[in-house]
Amino acid sequence: MAKVKTAFYCQNCGTSFSKWQGQCTSCNNWNTIVEELVQKTDKKSWNNSGSTIKKVAKPTKVSEIKTSQEVRLKTTSKEFNRVLGGGLVPGSLILLGGEPGIGKSTLLLQLALRLPFKTLYVSGEESMQQIKMRAERITRNSDLCYILTETKTQNIFKQIETIIPDIVVIDSIQTLHTDYVESSAGSISQIRECTSELIKFAKETATPVLLIGHITKDGHIAGPKILEHMVDTVLQFEGDRNHVYRILRSLKNRFGSTHEIGIFEMLSNGLREVANPSKILISENNEQLSGNAVAVSLEGMRTLLVEIQALVSTAVYGTPQRSATGYNAKRLNMLLAVLEKRAGFRLGAKDVFLNITGGISVDDPAIDLAVVAAIMSSNEDITLDKNTCLTGEVGLSGEIRPVNKIDQRISEAEKLGFSKILLSKHNKVSLKNTTIQLVFVTKIEDVVSELLG
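Residue numbers (our numbering): 1 to 453.
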């Protein structure tokens, strides 16, 4: 019997060490190094052919390399295609991460059931009966989707050889284990080895493989950081479990842009695509209420109109409260200081609460102007015109700074029926024959006089 070998691996970055130490010298994290078994058996190819014939790579001039347009497999989900850059690339490995219960398994199961290709859905977390119950809620039965409950990669590849699927879905990579590594499932070495086998299978057979990955409490995908480097695409599924909307965004994409996002609505029968999210994120309430303003935001390459709600009230206790939902609290404090210094609003002894409707988080600085307008409206208890929207970044000296893709923002606001938009005077608008009224402002004082008279 061969001697059992062990090595020490950092659970955060995957760096190996010959002995244990308290701090990882690669990522500088403490107490992340653990001992794992690394004894391997004689390793063969994923298809157990054991072939020793290998193609020798030769250097080639750049001018002599022939290129061809990648043929993508279109899925039935337009939002999923948008994020991937047009569809699934044959031989690509896609990693989907997200919080527990956010809908990762539902998204990929729904995709597998509706694909017009033969799909193998491998689950290491649920039984066939559980998957069947969820599948019945999502869609009608599919004759092209096969379900396999297995965690051993060698058994999975045997079934793949039998079925020969067009697409493989793995739920999840942390539950898989291989015979070539003698350590528990979910360990650094197991995740790395299983991913390597799946990459080799995907590249040799030109079969797209979709992996679901767990995340840590810090929001990073569990396992070694090298996992994200090995795969071709990393997708993040975001959202609040208390709200129905989910955002699918690309953190890495070797075959397309990372600026696109997909928006879904979680319903009892699965995820529904949201083609026009601006109509949903803006309330249809016809009552005139103070503290509401509409911002023209940009998420990736997609224009969104979001409603900003603010509440300003006298502080009951000694220290005023500052609370923001879906918005950076530090930036809120900065804007409050600008309002007090440049516009003369006395907000130092008042509570300020801010909320972005729909349960989404926005990082675009272009919503600063709408945040300021909502706070002013609530403080003065004056209702803003519901046909007016705003876009612009607010600087520390009270100036209104220009934002990018202003023509795209104006077109979206006009399409949704807004009659007026406030924007920075320094923005260069090239749109012609637009029906929306453009109001240019340079300072925070201009915004006050325009909205509050």
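Rather than coming from a laboratory, the hints here were simulated on the basis of the structure.
Values in this document were obtained by computation on a predicted structure and should not be read as measured data.
Where is the CB? At the ideal position from N, CA and C, for every residue including glycine.
Check before you lean on any hint, since a few could be wrong.
As the list claims (entries may be wrong) - Under the rule of at most 30 angstroms between Cα atoms (straight-line distance), these lysine-lysine pairs were calculated in the DSS-like manner:
1) K341 to K74
2) K330 to K19
3) K5 to K19
4) K158 to K217
5) K252 to K58
6) K405 to K279
7) K415 to K386
8) K428 to K341
9) K420 to K279
10) K443 to K386
11) K132 to K118
12) K217 to K61
13) K415 to K279
14) K152 to K279
15) K58 to K74
16) K5 to K252
17) K19 to K74
18) K5 to K132
19) K350 to K330
20) K5 to K158
21) K350 to K386
22) K443 to K432
23) K5 to K58
24) K279 to K5
25) K5 to K118
26) K217 to K74
27) K341 to K200
What the hints assert, rightly or not - Label-pair ranges, simulated between beta-carbon atoms:
28) E265 to N387: 19 to 29 angstroms
29) E204 to T60: 17 to 27 angstroms
30) N387 to P365: 20 to 30 angstroms
31) C27 to K203: 21 to 31 angstroms
32) H426 to N387: 34 to 44 angstroms
Hint check:
At most 30 angstroms may separate the alpha-carbon atoms for a hinted pair to count; K341 and K74 exceed this at roughly 54 angstroms. Distance check on the hinted pair: K330 and K19 sit about 43 angstroms apart at the alpha-carbon level, beyond 30 angstroms; violated. This hinted pair checks out: K5 and K19 have alpha carbons roughly 12 angstroms apart, not beyond 30 angstroms. Straight-line distance between C-alpha atoms of K158 and K217 comes to about 35 angstroms, which puts the hinted pair past the 30 angstroms bound.
The suggested pairing of K252 with K58 holds, with an alpha-carbon distance near 29 angstroms, which does not exceed 30 angstroms. With a CA separation close to 20 angstroms, the supplied pair K405 and K279 stays within the 30 angstroms bound. The suggested pairing of K415 with K386 holds, with an alpha-carbon distance near 15 angstroms, which does not exceed 30 angstroms. Under the criterion of a C-alpha separation no larger than 30 angstroms, the hint pairing K428 with K341 is consistent with the structure, at around 28 angstroms.
With a C-alpha separation of about 17 angstroms, the suggested pairing of K420 with K279 holds against the 30 angstroms cut-off. Annotation: proposed proximity of K443 to K386 holds, straight-line Cα distance about 22 angstroms (limit 30 angstroms). A C-alpha spacing of about 17 angstroms is found between K132 and K118, which places the hinted pair at or below 30 angstroms, so the restraint holds. Only pairs whose Cα atoms come within 30 angstroms are accepted, and K217 paired with K61 is rejected, the gap being roughly 47 angstroms.
Of the supplied pair hints, the one linking K415 and K279 holds, its CA atoms being roughly 11 angstroms apart against a limit of 30 angstroms. A threshold of 30 angstroms between alpha carbons decides the hint, and for K152 with K279 the separation of about 46 angstroms lies outside it, so the pair is violated. The suggested pairing of K58 with K74 is violated, with an alpha-carbon distance near 34 angstroms, which exceeds 30 angstroms. Simply put, K5 and K252 have alpha-carbon atoms about 35 angstroms apart, too far for the 30 angstroms limit, and the pair is violated.
Our distance criterion of 30 angstroms between C-alpha atoms is broken by K19 and K74, whose separation comes to about 49 angstroms. About 42 angstroms separates the Cα atoms of K5 and K132, which puts this hinted pair outside 30 angstroms; it is violated. The straight-line distance between the Cα atoms of K350 and K330 is roughly 17 angstroms, inside the 30 angstroms bound, and the hint therefore holds. Taking the CA atoms of K5 and K158, the gap is about 28 angstroms. The hint holds against a cut of 30 angstroms.
At most 30 angstroms may separate the alpha-carbon atoms for a hinted pair to count; K350 and K386 meet this at roughly 26 angstroms. Proposed proximity of K443 and K432 is supported: the alpha carbons are some 26 angstroms apart, at most 30 angstroms. This hinted pair does not check out: K5 and K58 have alpha carbons roughly 36 angstroms apart, beyond 30 angstroms. In summary, the hint linking K279 to K5 is not supported, as the alpha carbons are separated by about 60 angstroms, beyond the 30 angstroms threshold.
Pair hint K5 plus K118 does not hold up; C-alpha atoms about 41 angstroms apart against a cutoff of 30 angstroms. For the given pair, K217 sits about 34 angstroms from K74 by alpha-carbon distance, which is inconsistent with the 30 angstroms threshold. As the CA atoms of K341 and K200 are separated by approximately 61 angstroms, the hinted pair breaks the 30 angstroms bound. Taken as a hint, the range 19 to 29 angstroms holds for the pair E265 and N387, whose Cβ atoms sit roughly 26 angstroms apart.
Take E204 and T60: their Cβ atoms lie about 21 angstroms apart, and the range 17 to 27 angstroms holds. The hinted window of 20 to 30 angstroms between N387 and P365 holds, with their beta carbons roughly 24 angstroms apart. One distance hint, 21 to 31 angstroms for the beta-carbon pair C27 and K203, holds here, with the actual separation near 29 angstroms. About 24 angstroms separates the C-beta atoms of H426 and N387, a value inconsistent with the hinted range of 34 to 44 angstroms.
Comparing the model with each earlier hint shows violations of hints 1, 2, 4, 12, 14, 15, 16, 17, 18, 23, 24, 25, 26, 27, 32; every other hint is respected.
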